[in-house]
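Participant: Read top to bottom, the protein sequences are chains A and B. The number in my numbering is simply the position in the first sequence, starting from 1, with 233 added. The number in my numbering is simply the position in the second sequence, starting from 1, with 3 added.
Honestly, the hints are just simulated from the structure, not real lab data. Errors might be hidden in some of the hints.
As the list claims (entries may be wrong) - Below, a list of computed lysine to aspartate or glutamate pairs in the DMTMM-like style, where the Cα atoms sit at most 25 Å apart:
id, chain 1, residue 1, chain 2, residue 2
1, B, K251, A, D457
2, B, K46, B, E262
3, B, K291, A, D457
4, B, K237, B, D161
5, B, K291, A, D472
6, A, K333, A, E496
7, B, K41, A, D457
8, A, K250, A, E426
9, B, K291, A, D416
10, A, K241, A, D416
11, B, K37, A, D457
12, B, K291, A, D479
13, B, K41, A, E426
14, B, K41, B, E12
15, B, K46, A, D457
16, B, K72, A, E447
17, A, K279, A, E255
18, A, K279, B, E293
Said to hold, decoys possible - Residues on chain A that point at chain B, a partial pick, calculated with CB under 10 Å:
id, residue
19, L281
20, R282
21, R289
22, G293
23, G380
24, S454
25, H455
26, M456
27, V458
28, N459
29, N480
From the three backbone atoms N, C-alpha and C, an ideal C-beta is built for every residue, glycine too.
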Amino acid sequence: MKRLEVLKTYKIYIGGKFPRSESGRFYKVLNKAKEPIANVCLSSRKDLRNAVQAARKAQGSWQERTAFNRGQVLYRIAEMLEGRRAQFVEELMLENYTKKEAQTEVDNSIDRIVYYAGWCDKFNQVASSVNPVSSSHFNFSSYEPMGVIGILAVQSSGLLGLVSMLMPVIAGGNSSVIIASEDKPLCAVTLAEVLNSSDVPGGVVNILTGSIAELWSPLSSHMDVNGISIDAVNEHVSDVQLASVDNLKRVRIYSNDFSLIKEQGIQFITDFQELKTTWHPIEKIGGASSSY
Amino acid sequence: MIDKYGFHEVPSSPSIDKVGVEERVSRFQSRSIKTTAKMQGLKMVLSMIDLTTLEGKDTPGKVRQMCFKAAHLHDGHPDLPTVAAVCVYPSMVGIAKSIVGAYGIKVASVSTAFPSGQAPLDVKLADTKYAVDHGADEIDMVISRGKFLAGDHAFVFDEIAAIKEVCGTARLKVILETGELITLDNVRRASDIAIYAGADFIKTSTGKIQPAATLQVTYTMLQSIRDYYDATGKMVGMKPAGGISNSKLALHNLVMVKEVLGEAWLTNQWFRFGASSLANDVLMQIIKTESGVYQSADYFTLD
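Start from the sequences and build out the full structure, keeping to the hints where you can.
Facilitator: Structure, rendered in C-alpha cells:
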C-alpha cells in the first residue's frame, strides 16, 4: 500500500506567535507538476487586523532600541538564515527554482540582510543634515521611523524580494506587516521561524500568507498603517495608491527584481522615514562665526 | 425570609459550580454579533460607561479633560450618546459636577478609603458625606475584604448599611474587589450581603487588582441579582469594572446580562461598565463598522 504523505501546514506569524488563520481556511501550494507541496493559511482580514495591532504594539520599543542594537539583531537574522540555508534552498526548489537559482537567491538574501544590518547605526548620520538658516538657530534635520509599514511582497520571488523589502523597513525602526507571495509562500513562513529564533522582538515583523486580491484592500485602507511597500508589477498598485489616500499613507513602488546590486541602498531605508527638523536657539555674540 | 422588623434576611448562599460557570460563560463568548445589532450594542455600551480616572496623580486639569470627553465622545460623529457617568475621587467631585452636570451626565465618586477600605468607619462615613455634599450622584464604596475573609460577615453588612444611610438620595455601588475574594463562593456570598444590606449596584472591582471583571465573576454576581429579584421583586444594578477594554468583551457582557437578567437591565440605570480605555475602542469599532476601514488610535482623543 502506498504511504499517505503528510503535508506540512505552514502557519502565519503574528506578534511573535504562529497561529493558524482565525478563519480556519487554507490553500494548497502546487509545484510545476501541479502536485500539492504544502498547506498554507489563507489569511482573512481579521488576521490582518490582528497583525497590524501586534505591529503597532511592538513598534515603540523597537524604535527606542539603540540603532547599534538593531544592527546586531539584523545581523543575527543573517546568521540564523545561514544556518538553515539548506531548508531554504529545498523550499525554493519545490517552488520551481533550479538548484543553482535557489542557492543564488539564498546567498543574495543573506548578503542583503548583512548589508542593511550595517546601515542601522549609520544611515541617520549620512542622511541627516545641519541646515544653514538666517537666524540665531542651530537647525538640523534627522530621520525618525514612520511606524507600521505594510509590505506586499514581490510575487515572483520566494525569498529575496521579501527580504529586500523588509530589511530596510525594520532597519529604520519601523514594524511591519507582510503579505507573502501567493504562489511562493514557503520561504516567508520559514523566514518567520528564523526571525522567531533570532532576537527580533515579537510583533516587529508579522507575516501573513493568502490571497493578495483579498488582503490588499484592508491593508492599504487601514488607518493605523503608515506606509506601503509594493512592487511595480503587482496588479493592485493603483488600487493600493487610491486606498492609501485616507490617512495619507506613503506608498513606495519598487522594481520586482531585487537581484541587482542597485536594488539596495540607503534610500530604501529613508523611504519609510519622516524627516524631523529642529530649531535650537543659540546665542550669537558679536557676529562670531561659529556659535554652537 | 422577612424578619420581625420587616427586613429581608440574608439567605444562605448557594455554592457555585465553577466548572458549570465556565461552561456557561464560554457560550456567551461564542456569539457572533453583526451589523445593525452590533451597532446598537456598541452605542448601548457607550451609554453605559462610567468614564473613570482614579489615580494618585489626578489633577483638576486631568479631570476637566476627562469630563469634556465624557460629553463629547467623538464630535466628528453626530448621534452618539454620552457616557453614563464620570467616576472620580471625592476631592474631584466638585470640579467634575460643575462640568458634566449640564449634560445630564452623573458624577460617581469612590469613597470609604478607596481602594483598600482600610480605615475606621467614621472616616469612611466622613469620606462618603464629603462626596455627597459636593454633588456626587453615585457613591462607589469598597467592602472590608479583610473582615469578610476573616469571616466577620456581619461587620461587612453593617458597614454597607451605615454608608447607605449617609448616601441619602445618591445611589450606592458596592465594590466587592473580587480579585481579593479568591473563590466564586466568596463572590456570591459577598454579593448577597451587599444586596441585602441595601446596595443599589454591585460592582466587581476597584481596577487596582488583577484579575478584575472576568466574565465568570460577573456571571456569579448577576445570578445573585437574579435570585434577589425573584425573591423580592426588586432590581439591583451591576457594574463590572477593570479589564474591560475592548468592545467585543463589552458586547459579551451585554449578551450575558440579557440572558441572565433580561432586557429590563439593559439600560444605564441598571448596568454600567467601569472603564477608562473602553470608550475609545468602542468609538473605533463604530467608525469602522460604518466606514468599513480599520481605525487608528491616532485619530481619537487621548484618554
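Participant: All hints are to be evaluated individually against the structure, with a verdict given for each.
Facilitator: Hints versus structure:
1. B/K251 to A/D457: holds (19 Å)
2. B/K46 to B/E262: holds (19 Å)
3. B/K291 to A/D457: holds (12 Å)
4. B/K237 to B/D161: Given that 25 Å is the threshold and the Cα spacing comes to 20 Å, the pair holds.
5. B/K291 to A/D472: holds (20 Å)
6. A/K333 to A/E496: holds (21 Å)
7. B/K41 to A/D457: holds (22 Å)
8. A/K250 to A/E426: With Cα atoms ~10 Å apart, A/K250 and A/E426 stay inside 25 Å; holds.
9. B/K291 to A/D416: Violated, because 31 Å separates the two Cα atoms, which is more than 25 Å.
10. A/K241 to A/D416: The given pair, whose Cα atoms are some 16 Å apart, holds under the 25 Å limit.
11. B/K37 to A/D457: OK: B/K37 and A/D457 at ~23 Å, within 25 Å.
12. B/K291 to A/D479: Holds. B/K291 to A/D479 sits at ~13 Å (cutoff 25 Å).
13. B/K41 to A/E426: violated (38 Å)
14. B/K41 to B/E12: violated (41 Å)
15. B/K46 to A/D457: holds (23 Å)
16. B/K72 to A/E447: Violated - the C-alpha atoms of A/E447 and B/K72 are around 37 Å apart, more than 25 Å.
17. A/K279 to A/E255: holds (7 Å)
18. A/K279 to B/E293: It holds: about 17 Å lies between the C-alpha atoms, which stays within 25 Å.
19. L281: Nearest chain B Cβ about 8 Å off; hint holds.
20. R282: Result: holds, 6 Å to nearest chain B Cβ.
21. R289: holds (8 Å)
22. G293: violated (12 Å)
23. G380: holds (9 Å)
24. S454: holds (5 Å)
25. H455: holds (4 Å)
26. M456: Nearest chain B Cβ about 4 Å off; hint holds.
27. V458: This interface hint holds because 8 Å falls under the 10 Å limit.
28. N459: The hint holds - A/N459 has a Cβ within 10 Å of chain B, the shortest such distance being about 9 Å.
29. N480: Constraint on A/N480 satisfied, holds at 7 Å.
Of the numbered hints stated above, those contradicted by the structure are hints 9, 13, 14, 16, 22, listed in ascending order.
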